[in-house]
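Asker: Now for the letters of each chain:
2 protein chains.
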Amino acid sequence: MDIVHFPSLEDINQASKRIAPYIHRTPILKSSAIDHMAQCNLYFKCENFQKVGAFKARGAANAVLKLPKAILPNGVATHSSGNHAAALAKAASQVGIPCHIVMPRTAPKVKISAVEGYGGNIIFCEPTLEARELTLQEVVKETGASFIPPYDHWDIIEGQATCAMEFLEDRPHLDALLAPVGGGGLLAGTALSSSYLSTNTKVYGAEPEGADDAYRSFQAGKRILMVEPKTIADGLLTSLGERNFMVVMELVEDILTVNDEEIIDAMRVIYERLKVVVEPSCAVPLAAVFSRKELFEGKEVGIILSGGNVDLSKLPF
Amino acid sequence: MDIVHFPSLEDINQASKRIAPYIHRTPILKSSAIDHMAQCNLYFKCENFQKVGAFKARGAANAVLKLPKAILPNGVATHSSGNHAAALAKAASQVGIPCHIVMPRTAPKVKISAVEGYGGNIIFCEPTLEARELTLQEVVKETGASFIPPYDHWDIIEGQATCAMEFLEDRPHLDALLAPVGGGGLLAGTALSSSYLSTNTKVYGAEPEGADDAYRSFQAGKRILMVEPKTIADGLLTSLGERNFMVVMELVEDILTVNDEEIIDAMRVIYERLKVVVEPSCAVPLAAVFSRKELFEGKEVGIILSGGNVDLSKLPF
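These protein sequences, in sequence, are chains A and B.
Residue numbering for the first sequence follows the numbering used here, starting at 1 and increasing by one per position.
Residue numbering for the second sequence follows the numbering used here, starting at 1 and increasing by one per position.
Derived from the structure by calculation, the hints contain no laboratory data.
One thing to keep in mind: the hints can contain errors.
As the list makes no split between identical chains, a pair holds if one copy fits it or if it spans any two.
[To be verified] Think about it this way: if two alpha-carbon atoms lie no more than 27 Å apart in a straight line, the pair counts; the simulated DSSO-like pairs of lysine-lysine are: (1) Lys293 with Lys111; (2) Lys314 with Lys141; (3) Lys109 with Lys30; (4) Lys314 with Lys111; (5) Lys202 with Lys109; (6) Lys111 with Lys30; (7) Lys314 with Lys202; (8) Lys230 with Lys299; (9) Lys30 with Lys293; (10) Lys141 with Lys111; (11) Lys69 with Lys202; (12) Lys66 with Lys109; (13) Lys202 with Lys17; (14) Lys314 with Lys109; (15) Lys69 with Lys141; (16) Lys66 with Lys17; (17) Lys202 with Lys141; (18) Lys202 with Lys222; (19) Lys109 with Lys299; (20) Lys66 with Lys293; (21) Lys230 with Lys111.
The following block holds chain A by itself, in its conformation from the complex:
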């Protein structure tokens, strides 16, 4: 672990300027009713209002815009069926390059349409890890496209870091900052920006009990991969990446876990009181604040609402 390899404050500043024309500067919302429930002063940074409905637009835009000019026209490629796929397709279309997305044949239609809607070229594969990686390798070989992974990549982490940078510009006196953790792109970026911009903000990852590899890795001091994750928070099923783990071990205060019942309760509170549409993963940090009141009581607490891409006909309440 060598901190000199982490993106610097200047790197994140540059990323922020680079992606500014391609993303929204998202607003921060408050609810006195939720403050009362949580017994602290909460601020919600609404990345569910971000382009493609998730913070992933930041990292994808940054990674695409940093590609060397010589290989840029070959486009980009990734394997994903979630928000990263949509974000990469959108970023690629914004600069006019091709984007190849490897997806399992079994991917839900709504996710396929989202990527197609942003102009992505979908290549279907069998729904196994081997097929996915093999297909991606073939695509990269054939097209010369650059592989942009969803979280374990410094340009991605640097891009996601711009979210906490904006947050701390708008609200410099946060005692705590919480982000959900799946692969760890958002959490690592949040921890980096906070370490540069604030001396007293503690950064917490919030994770579902049914996909708690980050919690276990953090406790063990080594990466433990997730096997058979099971949680309603379908954006947080992946295991923490290598680079992400390094940043988390160095700069994150703690990983807090919550169960699905707590996630659903917090999700309902966000819909009913904050009046915004969020995906279940989004509700994990608020659930953590509710379940660990002693950590946050009376404090100024920031929460990143990570995304709002949800099937409204399947709300869990």
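Dock chain B against chain A, hints included.
Answerer: Positioned in the frame of chain A, the structure of chain B alone reads:
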């Protein structure tokens, strides 16, 4: 109709300062996907994020804060089971005076709890117009409370006008501004602010076909009361008030009507694309923009999202 009785620009400015500590300055959201669908440049002012979840917080706060000191301690009273009741209860509690709300015995539990949650004192009556008005008269006589009607009152209209004032401060170049119309508090306030602050912004009311008294009144040039309204937009069932009608006739460009199917479609677009929780009434202006594309094509168009108090277990999609 004498325009000298309308609240002046100075009155609205004063109202804006008066209520500032009690309300949120709500953000304006955009969605390029919705712009693409509507073929114009849309801005959404999010009063669903307002205190008590609706623009009604503005008028109620203004009316309460303008009460003469001598009668202020007697409190306020109204008959309503909707957002105005909650807004008045909240405004009263903020200045520490009693608030009496006359409600039919048949009011839904969720609305009763909302008013109780804001500290309102509920007096139940039989579910008839006569019982409601008689009960209110008794309450006012007994307590000395001031009756604050939901829309047909200059202090209420003045308060609601602060919303469009903020909108035009943030977006001075709107070609059109749309608000839903029920009793007409928001629409009249919007038209007033726009008439003072912009020379080229046309103000439209948007109304459900099943409660189209404002449309018919506007066409006829005289108030026609609504009999048996029937629409999913349950915040817009009331008839246009007298003062509201005067302002609408003088300053509104047109009233546009849409059917419930169009309202539900637009509501879904707001949830899916703008990622915010709105009540059906809120979706009426966007439905009007979709159905009258020729009026708005290529223009800068502002829409006031009026409120977000909705039973999430009964979403119509």
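Asker: Each hint: holds or not?
Answerer: Status of the hints after comparison with the structure:
1. Lys293 with Lys111: neither (36 Å within a copy, 29 Å between copies)
2. Lys314 with Lys141: So Lys314 and Lys141 fail the 27 Å test inside a copy (39 Å) and across (50 Å) alike.
3. Lys109 with Lys30: between (35 Å within a copy, 26 Å between copies)
4. Lys314 with Lys111: both (15 Å within a copy, 25 Å between copies)
5. Lys202 with Lys109: neither (40 Å within a copy, 41 Å between copies)
6. Lys111 with Lys30: between (31 Å within a copy, 22 Å between copies)
7. Lys314 with Lys202: Close neither inside one copy (35 Å) nor across copies (40 Å); limit 27 Å.
8. Lys230 with Lys299: neither (32 Å within a copy, 48 Å between copies)
9. Lys30 with Lys293: Within one copy, since 18 Å is at most 27 Å while 35 Å is not.
10. Lys141 with Lys111: within (25 Å within a copy, 61 Å between copies)
11. Lys69 with Lys202: Cα proximity of Lys69 and Lys202: none, with 39 Å in one copy and 47 Å across.
12. Lys66 with Lys109: neither (31 Å within a copy, 55 Å between copies)
13. Lys202 with Lys17: Only inside one copy: Lys202 and Lys17 sit 26 Å apart there, 36 Å across copies, limit 27 Å.
14. Lys314 with Lys109: Both: 15 Å inside a chain and 25 Å across chains, each within 27 Å.
15. Lys69 with Lys141: within (19 Å within a copy, 79 Å between copies)
16. Lys66 with Lys17: Within one copy, since 12 Å is at most 27 Å while 47 Å is not.
17. Lys202 with Lys141: Neither way: Lys202 and Lys141 sit 43 Å apart in one copy and 56 Å across, limit 27 Å.
18. Lys202 with Lys222: within (21 Å within a copy, 62 Å between copies)
19. Lys109 with Lys299: neither (43 Å within a copy, 34 Å between copies)
20. Lys66 with Lys293: neither (41 Å within a copy, 40 Å between copies)
21. Lys230 with Lys111: within (20 Å within a copy, 37 Å between copies)
The earlier numbered hints that this structure contradicts are 1, 2, 5, 7, 8, 11, 12, 17, 19 and 20.
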